[in-house]
Amino acid sequence: METTVTDLVLILASTVRLSVPLIFTALAGLYAERSGVFDIGLEGKMLFSAFAAASMAAVVAQSPTFGPYAAWLGLAAAIATSILLSLLHGYASITQRGNQIISGVAINFIASGLTIQLGNAWFGQGGRTPQLPNSARFTELTLPFADALRPVPIIGPIYANLISGHNILVYIAFLAVPFTWWVLYRTRFGLRLRAVGENPGAVDTAGISVTWLRYRALICGGILGGFAGTYLSIAQSASFIREMSAGKGFIALAALVFAKWRPVPVLFTCLLFGFLDAVAIRLQGTSIPGIGEVPVQFIQALPYVLTVILLAGFIGHATPPKAGGVPYVKER
Amino acid sequence: MHRTIKFLGVAAIALMSAATVASAADKLSVVQVASGALGDGGIFDSGDAGLKKAVTDLGIDYKLIEGQQRSNLLSDFLSEAADSGQVIFVNPGYQFDSFLPDIAGQHADKTFVYTDGVAPGEAPNVVSISYAEHEGSYLAGIMAAMMTTRTDIPGINDKKVLGIVGAFDNPVINNFIAGFKQGAASVDPAMDVQVRYAGSYTDPAKGKELALSLYDAGADIVYQVAATTGDGVILAAKERKAWAIGVDTDKCSQGPEVVLSSMIKDVGRSYYEYVKDYIAGTAPKSGKIEFGLSRGGVGMTYDSACTQKNVPADVIAAMKAAQEKIVSGEIKVTSTK
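Chains as they are written, first to last, in our numbering: chain Y, 1 to 332; chain R, 1001 to 1337.
Keep in mind that the hints are not guaranteed to be accurate.
Stated by the list, open to error - Looking from chain R toward chain Y, a few residues come up when the C-beta cut is under 10 Å (computed): (1) A1198; (2) E1209; (3) T1229; (4) D1250; (5) S1253; (6) I1279.
Keep in mind the hints are simulated off the structure, nothing from the lab. The model shown is predicted, which means the values in this text are computed figures rather than measured ones. Note that the Cβ used here is the ideal one computed from N, Cα and C, for glycine as well.
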């Protein structure tokens, strides 16, 4: 009983760690897409901000004045970078009314190439950034009483391993979900944001600038994208590595569709994806009675297979924001 | 407009061929076609370092072409390399299997060096270099198995469990694993070596989770055979205050407090030696060369600060003794390639 609880807690803790970048990124996409701007460039924003965070942290890590704040400065650099890319996306697709998909794909290419190029020019390590000391990273926090409670049955391991023992960005990710819900459904900005994604003409008639509203939505998405990148490079890892986003931006996009563009379902979908990944990791090398050891390739494919099954079988009809993907033109 | 473009194109081609002719006149020109890119802390970086050393020591001309994992373009990169260089290193060879024989046939005057395995077909101008990863990993296995029961060392538990994080379930990675298992079994046949695959060479987050799952399963030492995915293993070791073994290049700087030692696969050294022999006229231009423990193609980092500090002297002595026996042929390590 005790070991089952411990095992389960370890899988759930792994789930939490794996789903955090998905949560941030899917929420970033939620702001953009609810305002009517499709955001294929999430992957690129995550990658570029991961690079920005790691570079900034590496540069200031040794400085006596800024060293203690290296991780936070890294986060700031990541957010600034991600906002800049969002504004680029906005300029192309809102101001210039370009195709949103193409603009997003372009951002992904820019991020993939430029991070390596800049990294090589600045640090000369083939595109990676220098290894960061723990003082320049977001490291695991131990909540009060975690060690004292550990021996308590059931509650002990849950508190000590699942709730405590994560870095601060993990807690921010989980707070970002209710915050986004509150912004979207309980503020005037949120109401207008949802409206502009469904019927920008009506918003315009009410005398509210569609352009400015969509830009603001993209900036919100940019901020969250910066958190996602920071988590990848200086919380989960200790340096930037080329292509380290490894498709997470696209998985987050799938999660967003799966959750039908709503914040709370986004949380659960990302947790589900993280859970499938965590289970796949721990299933390796175990044998199932009667079948023997399961081939690694099958276990590695399992999260994707289950995703397709769940997407096809359980999601039902997903209706994207009505005005999504369409640049707004006054007076046709 | 069209004319201008045509003219520019012709001019560019003329310039490029002029440059090739000029350099080919006096120096040996060498090209490395890497399927991935530098910064892997592994075979690409190592090969690059070896050839750069050859540039300074032996005065060759060296050009690197990075494939950046775009496998659809590799045949173009290889053709380009064959046009511009005399000796072409393809790294790693198996990614070029489907078109190497054709391109080598078209460039009979050039020499192709197939890295990490044996080239398909028997072309007269393709030479294969393979590395005895299993021999080096055998030593790592001895080290891990000897240390995993010494509970007086911090971070070591009493369980006879060791872990390996591999990038992919493929013949090269599995050869590392096979050697490690044989080495561990030579110390204690009851040793439990658990293997997890990441399915990626460039996903440190996945590597970290895999390593954490191994530490949770009772492993106290994890051997990483996973390029940059393996960086995550070293991070996980730091978090759990346990131990890791590096691979390909010396990984000590990533975690001096958790890296026991590294099993080096010295692609650069083999490239350097080959170029040296080629200039001397003694290098074979076809067939197979094996770089094992005896030629320094693989080996443990005995001199690394990590090994000196973290590995007990008797364990180092045991590894060195086993190394001598492998070189002399007294111990046979089975390869799975």
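Here is what the structure says about each hint:
no.: 1; hint: A1198; result: holds, 9 Å
no.: 2; hint: E1209; result: holds, 5 Å
no.: 3; hint: T1229; result: holds, 9 Å
no.: 4; hint: D1250; result: violated, 13 Å
no.: 5; hint: S1253; result: holds, 7 Å
no.: 6; hint: I1279; result: violated, 27 Å
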